[in-house]
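Visitor: Each chain, letter by letter, is given below.
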Amino acid sequence: MTTTAATGYARPIDSSAPLPSVSAWSVFVALLRRDMIVARKEIVFFLIRTTMQPLLFLIVFGFLLPRMNFVGKGYQTALLPGILAISLSLAAIQSVALPMVQDFGWTKEIEDRLLAPVPTRLIAAEKIVAGMIQGVIAAAFVLPVARIVMGPIPALTLTHGGQVLLVVLLGSAAFSSLGMWLGTAIAPQQIGLMFSVIVAPMLFFGCAYYPWRGLDVVPVMKYLVLVNPMVYVAEGMRGALTPSVPHMSLVVVGVALLITVATFWTLGIRSFYKRAIG
Amino acid sequence: MAPGGPGAPRGEIVALQGLDLEVHEGEFFGLLGPNGAGKTTTIGILTTRVKPTSGTALVGGADVAHQDVAVRQRIGVVPQRPNPDRGLNVLENLVFHAAYFGIPSSVATSRANALLEQLAILDKAGAKVEEMSGGQQQRLMIARALIHEPRVIFLDEPTVGLDPQTRLSLWEILRRLHAEGRTIVMTTHYMEEADKLCDRIAIVDRGQLLELDTPAALKQRAPGGTMIELTLGGDPASVVEAARAVDGVSKVEAQGKVLRVYSDRGGRVISPVIQAAEDGGVTVTNISLSEPSLETLFVARTGRKLD
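Residue numbers (the numbering used here), protein chains in the order written: chain A, 1 to 278; chain B, 1001 to 1307.
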């Protein structure tokens, strides 16, 4: 007498049956959906973590100081695009770097995704795209808040929406890729150091709190800061949001950001692969 | 599945050397060895998480080094320590893992519920994974390894750190999976676990294959019947000859302060051996006695205990 596996955990295995084909695209979408669900659960903490610092800066320099007449009214115009640039960059970099450090460092949670039947590099690419989306969300959150805190800004226009979106996407991609690289290349115990040694100088010398043209007064610095991708995000935001004030050419911004994305994308994905496959 | 001689030098460390073995379809295969034997490296290579630097390993005909995607499609993995996705709840852990294998969420949800029920953790479906005990998390890992219905399941020391009762219930689960015809490859450093569950066992140590056979055949191969270990107060070397002369003793070894005596007559040789030691002016401080087992075979082959 043959018995059937009534106690079975799943359908009996037929090893002669062909394996179902799995499309890489559907796996990519599933991975992205997972990251978005997790991000949605943590949205409040996420926004506090990534936009608190720029918003506090905004309150002091965009609201209090102009009211005290310590800075001119025009400063707000220079500051707003910079604050947006910082918010989206911080959000993009943290959304990737922090989970990478945690996952590879101690929780090993990413293992279930590394078992997915897709090339390992696709899993890294998805993480970068998820980080990009979170950068965009941070920018979309900060813009209206900034506008409310600062009051009307005469030079601000939203007529170049396409350009704004392009700069936001490229900037998020650049910093999300950088986050992938840093998060997989740096030892977990050095993550605090990453923020003080790499991210903090990027913020302060990224022409976010002042326009690049302002550095005319310190020519050496004006050219030194060009290695900092934040400069292009901030200047790009100025060119797209406040085009009437002096800013770097959007073509230069676009080319520089594309080069940055290509570089950090390559480094980030390579470094992820090294961590994932021993 | 036919892993053949994966050698994995990582830096200066060679984790595996000439480990040639073949696991048959539907088999429950055990890799038994002490910590550092190379078991986890072997599983890492077979599950595409570690690249072998030389040699080849095939899973269901797919090469782990060059066809990693095809290999991953065929396998389910239960890790040594549970590593559930803490961003997701219990049910989501399963449904998303299925989605990573292209399984639509309606199919995955019904499969997940069935698995959770059979593994007796259905009441935790909506819970956060932190709210589960270690044993429950390990069962979740088993459900996750099964949700995409893989052909081969790899378990890396699945019962480490579990209490005895949880371990027994996990054994029951593994037995049922095996009965369904699944190929299971499990590493362990528990003799009893390998003995009770596996069809065949490979005993590995320091990256090398020492023995490969069914548990029964391996036990028969254990040397000279009962193993008696005497811990002595002095140098055992002086006692070796006298112990060897005792009737019923087939083999005597000295290692450190331990005198290892293999007896054809069970424990009956103990008292003459103690007498021989004391006649030689050496006191006996401890005695242990083991029936022919995987343990005695392992000790005989390596000169070391398993854990």
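Because the hints were derived from the structure by calculation, they are not lab data.
One should not assume that every hint holds.
Keeping only pairs whose Cα atoms sit at most 30 Å apart, straight-line, the calculated DSBU-like set for lysine-lysine is [as the list claims (entries may be wrong)]:
id, chain 1, residue 1, chain 2, residue 2
1, B, Lys1305, B, Lys1196
2, B, Lys1196, B, Lys1128
3, A, Lys108, A, Lys41
4, B, Lys1251, B, Lys1305
5, A, Lys108, A, Lys274
6, B, Lys1051, A, Lys108
7, B, Lys1219, B, Lys1251
8, A, Lys73, A, Lys274
9, A, Lys108, B, Lys1128
10, A, Lys41, B, Lys1128
11, B, Lys1305, B, Lys1257
12, A, Lys274, B, Lys1196
Listed below are several chain B residues computed to face chain A (Cβ distance under 10 Å; list not exhaustive) [as the list claims (entries may be wrong)]:
id, residue
13, Ile1075
14, Val1077
15, Asn1093
16, Gly1256
Glycine included, every Cβ here is placed at the ideal spot set by N, Cα and C.
Visitor: Is the interface hint satisfied for Asn1093/B? The criterion is a beta-carbon contact with chain A at less than 10 Å.
Guide: With Cβ-Cβ at 8 Å, under 10 Å, it holds.
Visitor: Quickly compare the C-alpha distance for Lys108/A and Lys1128/B to 30 Å and report which way the hint goes.
Guide: Between Lys108/A and Lys1128/B the Cα gap is close to 17 Å, so the pair holds against 30 Å.
Visitor: Within a Cα-Cα threshold of 30 Å, do Lys41/A and Lys1128/B meet the stated pairing?
Guide: Holds - the C-alpha atoms of Lys1128/B and Lys41/A are around 12 Å apart, at most 30 Å.
Visitor: Starting from Lys108/A, check that the Cα of Lys274/A is at most 30 Å away, please.
Guide: holds, 15 Å
Visitor: Check whether the Cα positions of Lys108/A and Lys41/A lie no farther apart than 30 Å.
Guide: The hint holds at about 20 Å.
Visitor: Starting from Lys1251/B, check that the Cα of Lys1305/B is at most 30 Å away, please.
Guide: Holds, at roughly 18 Å.
Visitor: Do the alpha carbons of Lys1305/B and Lys1257/B lie within 30 Å of each other, as the hint requires?
Guide: holds, 15 Å
Visitor: Check the hint pairing Lys1051/B with Lys108/A against an upper bound of 30 Å on the C-alpha distance.
Guide: holds, 18 Å
Visitor: Checking one constraint from the list: CA of Lys274/A to CA of Lys1196/B, max 30 Å. Satisfied?
Guide: violated, 38 Å
Visitor: Is the Cα-Cα distance between Lys1196/B and Lys1128/B 30 Å or less?
Guide: The hint is violated at about 34 Å.
Visitor: Minimum Cβ distance from Gly1256/B to chain A below 10 Å?
Guide: violated, 35 Å
Visitor: How about Ile1075/B: closest beta carbon in chain A under 10 Å, or not?
Guide: At about 8 Å, which falls below the 10 Å cut-off, the nearest Cβ of chain A leaves the hint on Ile1075/B intact, so it holds.
The structure shown violates the earlier hints numbered 2, 8, 12, 16.
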